[in-house]
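Chains as they are written, first to last, in the numbering used here: chain A, 1 to 227; chain B, 228 to 396; chain C, 397 to 636.
Check before you lean on any hint, since a few could be wrong.
[Claimed, not checked] If you want the footprint, here are the derived chain C segments under chain B, 3+ residues with CB under 8 Å:
(1) 452-459
(2) 495-507
(3) 600-614
(4) 624-630
Simulated from the structure, these hints should not be mistaken for laboratory data. All residues carry an ideal CB built from backbone N, CA and C; glycine is no exception.
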Amino acid sequence: MNTLRCAITVLRKDLLVELRSREIIYTAIFFAALLVVIFTVALPRDGRVDDRMAPGMLWATIAFAGTIGLGRAFDREREDDTMRALLLSPAPRLAVFLGKAVAITMLILLVAAVATPLFGLFLTSARLLDHPLPLVVLLVLGALGFGVVGSVFAAALLRVRSRDVLLPIVLYPILIPLFFAATNATLALCVTDPNMAKAWYWISLLAGYDGVFLVLSLWLFESLVIE
Amino acid sequence: MFKALLVFLFAVVPASAAIAGNGSDAAAAPTASAGSAAAPTASGSAAEAVPVAQGELAQPPQPAPSPADLRATCAAALNANPTFANDLLRQLDEKKVVELAKAQEAFANVQVEAGARVAKNQRHVIMAYAVMWVAAAVFVLFLWLRQRALRSQIDVLRSDLAAALKDNK
Amino acid sequence: MNSQNNQPTGARGSTASWLVPLLTLLAAVGFASCVWMVFVVTPVADVLFFNQKIFYFHVANAFMLFLSVFVCGFASVVFLKKRDGKWDDIAIAGAEVAVMFGLVVLITGSIWAKAAWDVWWKWEKRLTMSLLLWLVLVAYVIVRRFAGASADRLAAGLAVFGCVGIPFIYFMVEKSDNHPQAGKEGVVATLATDMKLAFWGSVLTFFFWFVALLISRIHSARAEREVRELRESAMDAGVL
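Model the full structure from these sequences, guided by the hints.
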């Protein structure tokens, strides 16, 4: 109970800091929009994009823009050594982790909420927005997995040099299963003859990934982050 | 390595030869029968056609003899003249020899093809082995160099440290 | 303190001074006999003909890849829980050896694809999985190389998370219909007796080779640790 309350406090603190400057929100959103435009401009052939490419483009956008936001969010905690203060505070460390993870998940969801409609707008042949319910579930689960694993490693990277370059290098190999499942689920949804059973199957795999890596992160967060 | 290659050749080539041999036999059979049927009338050199023609020309009023009749006359002529029959057989044998030569050429092609295939595979196998060896060698070299550098570093540090401690005393 | 630290290292070094050459010798003898088995004794396979002979070493290398990844993951978990640098050395060694074996697996796999299907790369499920796994290990080695000594636990976390991801990758790659399957299913079971013998012989050979490399690399990691410690004490003594 205490853990939950502390987690919510950490989350509120993060959101408040961000809402005051809106630095990460604006940069991440603009970067996501930029990526959408770059993908849709660079990849079409004969004025059309193969709709089977849309899921890969969407998740690559989420991965890149999310990593930018993630890195900046933790860099902020490093600047005045506030991460150490957070970890030294009487709040349970799991609460700190959970608050951070939820904040990052929300950030990723925001990026996804911008990128997905933009892709739907630019790539009309890919029916990205035809099935909103499974799509939302999918995006939430994907953002959650990203947020959980990303928070663990971004926090662990705080003590390390050349962390900006290393964040994606460390993160993406671990997130490969997540992107694999998410892309396949999105693909099942957005093709001309969508396969709902297949989509839900991949979404359940994604949920399994989230569960396993959430447990693993809760188990290892302290030993990875504490000096 | 090359023994395996030979085993492969010995396994594949007789099999393909057997296949090709069956084909050539089947191809030779119709030509031989067609030859025996056609030889008295159309083809055949003048010298061989003459005795048959003499027998046939004795009855000009029959305009269109049926194949069965022709066969019968042919058989009769062959029975009557054993040298002609032997001649014909020899000629057919020559034809068969040509066919055989052609078939053998085809076998040779099959052999070359199989050999090329094996050689191609062999190239890939050798590539794979080379990759393995190169990777292992590079890794060991890298390990060895690193170990040597570390050793020398440790020695330098140790002697420096010992000297410093001595000075302090 | 340093002399105490160095004593066991030296003692272990002497064990390894005969163990590593012995293992290397075993691997060399095993390799020679495997080459003999593979090229002379085993029959030429039905469909794949001569390039089936890549299989014996390709798959043995893949086994060693998974074994070294397992060593790395296990050592990382123990290191995270016990905070004992000894286990960290094992984890580094496992990861680097895994990168080497993985490279061999990927390149021989690619050559196999060229020989069997006439393309240099095919998204065959085991090859795909090896590639994705290999990426995790390369990331691990990069972190160890460039993130400094303080990244030991971060790297351990990477190894553990990567290892937990393996079953997911395997399951997903198998279920995904984007990837054509090569039909190598249960290929070991279908081998002729000679082939089986040659195959398991080469697995054993590569196991010896793997252990020899692992021990050598662990020693290298220990020497690195020693250099770090010496440097610290040298700084304390005011030498550096």
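Verification of the hints:
| no. | hint | result |
| --- | --- | --- |
| 1 | 452-459 | holds (count 3) |
| 2 | 495-507 | holds (count 6) |
| 3 | 600-614 | holds (count 4) |
| 4 | 624-630 | holds (count 4) |
In terms of the numbered hints stated before, the structure departs from none.
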